[in-house]
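K.L.:
Here the protein sequences come in this chain order: A and B. Under our numbering, residue 212 is the last one in the first sequence; the count climbs by one each step, no gaps. Under our numbering, residue 1212 is the last one in the second sequence; the count climbs by one each step, no gaps.
Source of the hints: derived by calculation from the structure; they are not laboratory data. Heads up, the beta-carbon is just placed ideally off N, CA and C, and yes, glycines get one too. Mixed in with the good hints there might be a few duds.
[What the hints assert, rightly or not] Only some residues are given here: those of chain B computed to face chain A with a beta carbon under 10 Å:
#, residue
1, L1050
2, E1080
3, Q1174
4, A1175
5, D1197
6, M1201
[Claimed, not checked] Label-pair distances were calculated between CB atoms; the ranges are:
#, chain 1, residue 1, chain 2, residue 2, range
7, B, E1080, A, D197, 47 to 57 Å
8, B, R1094, A, E128, 42 to 52 Å
9, A, T137, B, E1209, 34 to 44 Å
10, B, E1080, A, P75, 43 to 53 Å
11, A, D189, B, P1027, 41 to 51 Å
[Unchecked claim] Below, simulated EDC-like cross-link-like pairs (lysine to aspartate or glutamate); rule was C-alpha separation at most 16 Å, straight line:
#, chain 1, residue 1, chain 2, residue 2
12, B, K1210, A, D28
13, A, K210, B, E1091
14, A, K210, B, D1189
15, B, K1210, A, E30
2 protein chains.
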Amino acid sequence: MQIAIPIFPRLTALDAIGPYEVLQRLPDSELIFVGHELGNIRTDNGFLGLAVDAVFEDVPSPDVVVFPGGVGTRPLMKDERVLTWLRQAHEATRFTTSVCTGALVLGAAGLLEGLEATTHWGAYDILERTGAVPVATRVVEQLDRRIITAAGVSSGIDMALRLAELLVDSTAAQAMQLMIEYDPRPPFDAGSVPKADAAVMARAMEYSEKRH
Amino acid sequence: MQIAIPIFPRLTALDAIGPYEVLQRLPDSELIFVGHELGNIRTDNGFLGLAVDAVFEDVPSPDVVVFPGGVGTRPLMKDERVLTWLRQAHEATRFTTSVCTGALVLGAAGLLEGLEATTHWGAYDILERTGAVPVATRVVEQLDRRIITAAGVSSGIDMALRLAELLVDSTAAQAMQLMIEYDPRPPFDAGSVPKADAAVMARAMEYSEKRH
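Make the full structure from the sequences, and use the hints.
P.N.:
Okay, structure coming up:
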């Protein structure tokens, strides 16, 4: 089972690595980090380098695509090489999925036209302009289209567990959950817009502006 | 604020990338992935390459250390170069932390002698042999020693949010939680040993044996 994870300059690392950590543990899975050219790309802040091990065209028919997000998705929305690869890959995938603003690339490729889908809470408006119907749900399944979109960053872990169930079975998915000891105990309860107070939202905006 | 994350062959990527994704968003933070030599290392399954951007000796006095786990920690428990770096760094850190079996390296360096600490549930016995007192708690704080240990893999995200609170304040930590949309909704409830049934545990063992 071949699972392709596109990586590109200024991606958000956890979008990719959360699902990777679940799916790499499935038996007979082969995960491939694909990109524009072989070598390293740097994540959104530049602090981390990840290796591209294959170019897009080398992986034309993956069983699963997991498209991560990050500010680096914006140029990809007009990158015909990536959009063509994604459209063609999707014809044969078992599931084409996204995490965070990876959904913007699925949308730009025309895969979300008229469909409910999700993305990071800060990008609903951009997602809507691709023809999708943004919803504030953590994981949105469109199983008849073989498409699953997940919300911001950490939601990819929840999505990947569901994907493990769909690809293998529920016991496999729970075994993955146990192996990564995913029994979350966040010390706060501010992980979505309705739960965050005004001071938290203001601080999130302040820090985001400093980064970009 | 300099945050060092050691990476090494056969680490578990999410152990490192969960905390990285939280801490890189703090203002004025500089995250550095350190290792034995510059270049790429491969994670536990070989599917992912991460870039080492500095050697240990180039980062002698980080404010924070986050030591990730993975099967690759076992040789590090006897690696005097790593243990010496870690002991010396710890003298000046604000916090020395570990995720998953990263605790085994802290233990081997003598930092956990007689202290309650945690690690992946599959490694309590090895942790105990380093002189620590293993406990099945998700995040164990020894603030008078400036040491925090987290349980398996995904627990590093919870730990990093607490660390953000200690390093900056509670609003900052909640802003990080909001930015990574960490409002977890795992589709199952099997993320710790007491919650996993016998079939799930058997499957976890089966898949682990296939991997190593």
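K.L.:
Next, verify each hint and record whether it holds.
P.N.:
The hints, checked one at a time:
no. : hint                            : in the structure
1   : L1050                           : 6 Å, holds
2   : E1080                           : 27 Å, violated
3   : Q1174                           : 4 Å, holds
4   : A1175                           : 4 Å, holds
5   : D1197                           : 8 Å, holds
6   : M1201                           : 7 Å, holds
7   : B:E1080 with A:D197: 47 to 57 Å : 49 Å, holds
8   : B:R1094 with A:E128: 42 to 52 Å : 43 Å, holds
9   : A:T137 with B:E1209: 34 to 44 Å : 37 Å, holds
10  : B:E1080 with A:P75: 43 to 53 Å  : 46 Å, holds
11  : A:D189 with B:P1027: 41 to 51 Å : 23 Å, violated
12  : B:K1210 with A:D28              : 9 Å, holds
13  : A:K210 with B:E1091             : 31 Å, violated
14  : A:K210 with B:D1189             : 37 Å, violated
15  : B:K1210 with A:E30              : 13 Å, holds
The structure fails to meet hints 2, 11, 13, 14 from the earlier list, while all remaining hints are met.
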